[in-house]
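*Asks:* Sequence:
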Amino acid sequence: TNLGLEYFITEESSITGSVFYRTSKSEDETENTNQRFINSTLDSETFRTEDEGEDDENYQFSLNYINNLDDDGQKLTVDAQYSNGVEDKTNIIQENNTLPNDNLIVLENVFEKETQNEYLIQADYVLPMGDAQFEAGYRGTFEKTETDYRLDSLNQTTGLFDINQDLTNLFAYTENVNAVYTQYGNKYGKFSFLLGLRLENTQLKGELTSLYDSSELEDQLGVDVEANFDKNYLGLFPTVNVIYELGENENISLGYNRRINRPRGRYVNPFPSRSSRTNIFQGNPDLDPAFSNAFDVGYLKRWDKLTLTSSVYYQRETDSFERIQEETGETTTDGIEIIRSIPINLSTNDRIGVEAGMLYNPAKWLRLNSSFNFFQFKTDGAFNGIDYGTTNTSWFARFSSKVSLPAKIDWQTNAFYRGPSSTAQTENGGIFSLNLAFSKDILKDNGTISLNVSDLLNSRKRTSYTETEFFTSDSEFQWRQRQITMGFVYRFNQPKERNRNGDRGNRNNDEGDEEIEG
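Following the working numbering, the numbering of the sequence shown begins with 1 at its first residue and continues without gaps.
By construction, these hints were calculated from the structure, which means they are not laboratory data.
Straight-line alpha carbon distances no greater than 20 Å define the calculated EDC-like cross-link-like pairs of lysine to aspartate or glutamate that follow:
| id | residue 1 | residue 2 |
| --- | --- | --- |
| 1 | K144 | D56 |
| 2 | K89 | D28 |
| 3 | K190 | E245 |
| 4 | K89 | E54 |
| 5 | K378 | E322 |
Using C-beta positions, here's what the derived DEER-type ranges look like:
| id | residue 1 | residue 2 | range |
| --- | --- | --- | --- |
| 6 | Q203 | S475 | 30 to 40 Å |
| 7 | R480 | N446 | 31 to 41 Å |
| 8 | N446 | E467 | 51 to 61 Å |
| 9 | A382 | I105 | 35 to 45 Å |
| 10 | V403 | F488 | 19 to 29 Å |
| 11 | V242 | W303 | 17 to 27 Å |
| 12 | N293 | T182 | 19 to 29 Å |
| 13 | Y417 | V180 | 31 to 41 Å |
| 14 | L436 | F372 | 16 to 26 Å |
| 15 | Y7 | Y138 | 23 to 33 Å |
| 16 | Q133 | D28 | 41 to 51 Å |
| 17 | S13 | Y138 | 11 to 21 Å |
| 18 | Q74 | L195 | 14 to 24 Å |
For clarity, every value in this text was computed on a predicted model and none was experimentally measured.
Built from N, CA and C at the ideal position, the CB exists for glycine as well.
Based on the sequences and whatever the hints tell you, model everything.
*Replies:* Set out below in structure tokens:
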């Protein structure tokens with residue numbers, strides 16, 4: 001549910017308030033077969049299931065103030081936002097021997113509640129000056145995530161569930177980012193440029209509540225970590241873009257920017273996952289942000305119905321955090337070695353690639369858009385005496401279309417394919433995804449009904465094969481199966497295409513954050 005209201009203070013200024021609420025339930029099932037070979041002969045086999053139920057509740061309050069200070073484009077905008085999200089998970093884990101005998105190994109109940117609170121404050125000022133334009137602003141995001149985790153294990157002697165104090169914990173992760181930024185753009189003849197600079201301070205803070213002190217925690221987790229930390233990173237992030245007009249519809253461009261990539265909460269939580277007895281994922285509180293510098297050279301050409309773009313780019317990222325898999329030195333009760341997957345600031349990554357794009361409007365009722373990106377990446381890094389350096393190539397492509405059907409129905413298609421890739425330990429398979437959407441305006445264009453199909457072919461699956469000196473692993477992961485949703489939007493006294501705020505918020509604030517797959 002999304003409800004918004006705009007109040008005009010004067011003809012040039014207004015305040016907009018909105019409320020968003022969403023609740024959902026989901027169920028996931030995971031199956032894991034583990035085979036142990038001795039001298040190429042199958043010695044034992046286990047079968048593990050996870051039945052997870054999840055209840056999600058999210059709400060958000062937003063306020064926006066906009067003041068058009070004059071008729072020449074001078075403008076002041078202020079935004080404030082608060083959002084809250086709660087994920088309540090219950091996971092039943094059962095593992096049995098299937099070879100050479102059939103008996104219960106473990107039965108566990110996992111209770112996990114993740115609460116996320118985030119505040120956003122942003123202010124932007126825009127001052128046009130003829131062909132030039134000056135902009136300045138502030139953006140602050142303050143986010144805290146608390147993960148309350150409890151594990152109950154079946155005591156097969158008593159038949160009762162006991163709380164596993166070794167893994168039960170409360171972990172709080174705080175990410176506070178304060179940034180001031182400015183940019184200036186101008187045009188001289190056939191040359192135009194945009195110069196931007198962002199000064200940003202990032203605070204990353206972790207607080208762990210557990211029965212163990214630091215030394216006991218290190219013994220329990222098997223790694224040397226400081227789970228309670230408070231780190232600050234102050235940095236300058238410049239942006240430079242220069243364009244030269246070869247003709248009225250043709251130009252070349254040069255660009256440079258610096259970015260920061262911060263670790264997410266799951267990547268710094270030191271407590272291991274329960275997805276497998278023998279192959280666990282464990283966060284690393286010692287992770288630092290990664291920083292990258294990117295350069296690109298681009299070319300653009302427009303015709304009446306066709307626009308083509310192309311570019312060559314180079315990016316270097318330092319302190320890149322990547323997942324490695326290593327032996328823990330521990331074994332299960334039945335003597336199988338436990339392997340740990342853990343993210344570390346492993347390497348320096350170099351990426352060079354080419355990108356091409358096309359926008360084609362052959363008719364009023366048809367719009368086509370596509371892009372293709374091919375790149376080579378080189379990783380240079382070592383950990384615990386093991387070289388994880390590698391060189392590989394990969395590619396991805398996107399396609400979208402918008403078709404206006406009879407009866408004023410809009411049909412949109414979005415397709416994405418990411419090609420295979422590999423690291424020093426793992427080969428990742430390709431991923432294909434296809435989404436469809438249909439929409440129609442009703443009630444004198446004040447309302448819109450929509451039908452969306454996500455992952456039409458049910459093919460958005462991540463597959464990987466990992467091979468080390470000690471083990472091999474095949475995995476397939478699918479976050480969600482095909483989904484079909486229907487929606488309805490009604491606008492009170494508001495034109496459909498009204499967008500008073502433009503693209504504020506992206507102004508010289510390209511932080512480069514990406515959700516890292518776990």
